[in-house]
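A.B. asks: We have chain G; now place chain U onto it with these hints.
Each chain is listed here by its residues.
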Amino acid sequence: MAEGGGKAAAAAGTSGGRSGGQQIDAFTAQEILEERRVMCLEAWNQYALLGLSDGTLLLASPRPADGSAGSEAGGYDSGSEAGGRGGGSGTPAGPQSAQRGQDGQPKQGQPAQQEAQQAQQQQPQWAAVQALRGFGKGGVKQLVVARERSMLLCLADDGVNAFVLAGMRLKGQAGRTRGASMFAWHGGSDTLAVAVKRRVILFKYDGLEFVEQREASLPDAPACMALAGGTLYVGLTKRDYVAIDVGTGALSQLFTTKGTAPCMAVVSPSEVLLGRDSSAVLYGGDGRASKRGASGSSGGKGATGGRRRGGALAWSAPPAALALSAPYAVAFSEGVAEARLVEPLDSADLWQRLPLPLPAAAASLAVAPSAAPDGSLFVASRESGAVVQLRPVSFVRQAAQLLQLGEHEEALAMAALAPPEQAAERRQLEDLIHLAFGQRLFREGAYEEAMLHFGMSSLAGPLELLRLFPSLAPPKLLAAAAADQAEEEQAGGGGPGAQQGAAEAAAAGEQAASVEDGATSELQGEAFVAAVQQLMPYLLSHRSRLAAAAASPAQQREQQQEQQLEEGRRHAGPRQQTPAAAAAAIEAAQDPGPSPTTRAVLAQRRLQGSATATLLDTALLLALLALPDSGALLRFVQRPNCVDLEAGEAALRSLGRYSELVALYQTKGRHAAALELLHALSQGPEQLPAAPQGASAELRGLPGVWAAVKYVCHMPEGERDLSLISTHAKWILRADPDAGLEMFSNMQPPLPPSAALPMLTSYAPHLAGPYLEGALASGAAPPEQYEQELARIYLERLVGGTSGTSGTSGTAGGAAAAAAAAEGACGEGEGAAGEAPPESLPEYGKLRQLILGSRFLDYEALLRVMPQHRLLEVRAALLERLGRHTEALRILVHRLRSAPQAEAYCDRVYQRRQLALRERHRADLAAALRRQRQQREAAAAATAGGAPAAALYGCSSASTARSLQFEGSTAGFLATPAAGSGAAATKLQPVLSSSSSEGGADIYLLLVQVLLEEEDASGGFRPVQRAPDHAVWGEVACLLSRKRDAIPPLRALGLLPGEVALPLPFLEGALWGAGERRRSAAVARSLRRAEHVGLLGQLADAQQRSILLTPERNCSICYKRVGTAALVAFPSGLLAHYSCWRRASSGTGQQGAAGAAVNGGSAAREWR
Amino acid sequence: MASRKRTLLKVIILGDSGVGKTSLMNQYVNKKFSSQYKATIGADFLTKEVQVDDRLVTMQIWDTAGQERFQSLGVAFYRGADCCVLVYDVNSAKSFDNLENWRDEFLIQASPSDPDNFPFVVLGNKVDVEGGRARQVSEKKAKQWCASKGGIPHFDTSAKEDLNVDDAFQTIARNALKNEAEEELYIPETVDVNAAAAPRRPQSSCC
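Here the protein sequences line up with chains G and U, keeping their order.
The working numbering puts the first residue of the first sequence at 1, with every later residue one more than the last.
The working numbering puts the first residue of the second sequence at 1169, with every later residue one more than the last.
With the rest of the complex left out, here is chain G (with noise of 0.2 Å):
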């Protein structure tokens, strides 16, 4: 059996481990003690118990003086682990560190070992602090302590005594149980179960005594025992295992065991592991094999090891003894120690081998049965009484050692075994880890996974992700983002542990740039856009915070702001403060809340000059180029981002990706290349060097030449570069004059006039009658400034347009195509007939229209400029409105002959001198009242003195208020003289019949005077002397019937040859008009007499009121009866005789005034 044991230890060290598993710094060991009379250990606290054959107890624990030993219970140690690295020259330090170099993970290496030299001067010595003499009876055979019930239960000769922890009083013993040699504890169910011989008893703790339950037999003597749950396992000395039900005392077997002797150790209170040959096995409380291997964590695959289904774990050798110190159980053999898991954390077996000076046989081996609170076992030789300690090597330094050993999986499942106390550290550790595991995965093709690692941590910045990725970040953009984040932690890292952590992720970072260096490059195909697919989310992530970062500042900087200005109020006012800084904490004051738009500029500005930004983003770009156009791009490039400019130009146009690039461009506020490149795009694609891809392929022609416009209209007003839109204007006009057009007018604000209309004229001159006309009506044109401005054009265009459209068509030739369609008509005409008549041009209508509705025109100027003999029409709207009707009427009668226009003209001006003067009488109407209302007013102050009679003034007022119309209508009449005709002079038309010379009406007469003349030799005009001729006097004869109204009959009738013959339907008509003009006034005049006299009545009966006389009244100013005599009524109701009150109010002036007032209201007395 030793020699098979044997070699399987000798296979375990030629293979590093039969079960492939990793070995792992898991345990240190050091002697604290040689005390030869050792029979038994525990550990308590910080103290070992140890158990002396000569039935003392000695306490030891870690000396004080290092001032580490009271929170060496608690804490995981620092350096003692390393002391065992460090200074145990047979420890596998040297093969590991061997195995690591191989690995290629060098790191940490030296740090670790000036640790370990640190951490062995700090070795803490332990002494035996306290000794208590014949603690046993014959010597201490056993101790376990009871922590649930903080019992020390001892067994010595006298049996199982149970003791209060810390005062080590006996508290209990268990009877019948002298002589026994070994006992067992359960915590949870308060179980005790005692080897007697052949015998065990079983007893439950009732909290005062051990109660016995009951007795089972044995086959053999036993060798050692545990209790899980409900079942006592017993090892016997044959190396039988049999299992005992507590609850029934039933055994049963388990198995026999090859190995020396049995052993066992308690895992958690419901499992034990039993030794098996060169195994263990895992067994529960219901006295079967456990299933938590197999079955454990991970539903079905969790056990991975594969080894370890049914719970079995194997040493190199048969075990003489086994510990627990989770997560490992120890095996103790000859001369070693042998840690392995428990259970695997995740799929990886861990081992450790520890040579210790121990004996062979298990009766000489002492091992303490419960961890320490640290973890530590404490192991003894009965033969040599060397008592060593099994320190567990902090759970994040074990995590450390894993991740160097490369198994990630297990090194962040230690580490999550970690104490809170360390979570610094932990994380620090796991963030390393991550980091190493994202980028193992991400070699081994799961992108997803090491993308998850990545993000899990915080060392994987974009730096790190992109150095996995050399052709999304070019090298310059890295190292400068390098440097940058190299500042900002010089910058930020105030501690040495900050300080610290940077250099660890500066090394990580080395490392994966290594790495990266040694790996076979980058992905490529398939490969590189899966992974890349998978780094976008994160690229986004980073950005989104870089973003938040770049905000918040702002935010604070704002409230800083703010605070400043509230201090400045408060202490000493605000003109403190120096200007600057008053304005901007004005500023900030008035923001306090920032949109979230002007907080995404505001945060954007902080970002262009970040390198960091401009490394993500060009990522970004780069990227989103790898991956199938989704239009993504393109509205990445659309928003403010921070790509830069050379790398993200060089890629884009090396894809033809050339929208994208002008989207970049416009944003970066290169205006200047990105309509070039449209240019190209529209104009010349083929000549750019790639084929244009994407959006950008279907910019060929007129679609480029919109796009080009839409550009130049959404050029922030700032950035706009009058000579660039000159340059582009040029080509985009030739193209599509449409266009051209559109962007003139469509540009957001406006772009003024002044600039446009050069760049039109020089490139398009037939566009400028157009767009200024746009211009004009939109109100981004002033009209006094650019009427004329159009106008100018109009003529130009007609003047010129005759002579210079040839010269046009020419030089257009073949490429009139593109032409606007009112010069493809021009064109036509002019082919038709050699010269187009300039009236068929559009403008022509638009000029004269332009010249009618104007109001800021110079019509001197303008008929200056004017052709003599052409564009008559023109000329003629220009006359009119100068006002010259004689010289208008008679190009329209006589060049023109077209009478129709003629009358209108007239029309035009009589209305227009209808609405003056309509205009100019309401005014005076207007301004009569307001003289009347201010006299009033004046006159009220001057009268406000006291008058006694308020009752008056209403009756005088109503007067005044009638005689104001009477005046106003008789001014209106008096206004109008009546001249030619006194029947005109009706009240219901009174400003009709006015016939000045400005009235309007000898408009008409002018007409028929123009009519009338004939043009002379030399070229004057003068009146027809004999009858014209028959046309000319029936179209004077329609016009005089149709504008009899208009017409005063006896000045046209002068007005007409002598001897012509009476124009008899004009007359007719005067006549007729005359009389019933006479007869409707009749009948206004009536209308108004008797609405009058109405007026008067209703007044008279308003004011009546009745006074009764009787014979009894008496005058109230004699006191005489009334009588029959003349009277008058006072207001107040009282009488008086006439001549009383002609007495009386002969005396005072005001009397008088109210005696008369009263008389006229006594016209209604009433006699009874």
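Just so you know, nobody snuck in bad clues.
Result set (SDA-like, lysine to any residue): computed pairs, CA atoms no more than 20 Å apart in a straight line:
#1 U:1216 x G:424
#2 U:1216 x G:423
#3 U:1216 x G:461
#4 U:1206 x G:544
Example chain G residues on the side facing chain U (calculated, C-beta under 7 Å, incomplete):
#5 448
#6 452
#7 456
#8 536
#9 537
#10 540
#11 541
#12 544
From chain U, some residues computed to sit far from chain G (all C-beta separations above 12 Å):
#13 1315
#14 1316
#15 1330
No lab work stands behind these hints, which were simulated from the structure alone.
Don't be surprised by glycine CBs; every beta carbon is placed ideally from N, CA and C.
C.D. replies: Relative to chain G, chain U alone:
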């Protein structure tokens, strides 16, 4: 082995702008709440360790932008999610009506292998507002909708008052894990004691 033990769960939070996605996540992970609204730009994630039954898993929670203008690259985030959390504001009927769109959008973009059984969880947030008087979407209505979509779990939550947030995310984690378990291949136990040298880490089979 078809799949190694997953300890990382990817969870996506979707919903209209302003329903409280970021607040829920912050409340759950950082136990912090701020009533100041700040539109999420792009997307970001937080991680949180969570104990589900006897397993410790790490949840990676992706908070996405609800505003459309920040969403152009949303597709990239949906891929590989283990669970999708749909959030609406109980005081806004529109945000509830849009859940349908969000769900469809997610299923289209993420294209999970079994869309009918993909785990969703619906959270009706802001139940604290005006003591619930402003509520426009009744719990009954929401639950009806959830039932019609194959029994999606529904929670009334308040990120502000930390109401139901932990429970909701616990359910999220559990459902995400359930999804994973169903996807796994069952491997019969082997008894080969010396097979431990076999490749411990399988190639990931998922896309």
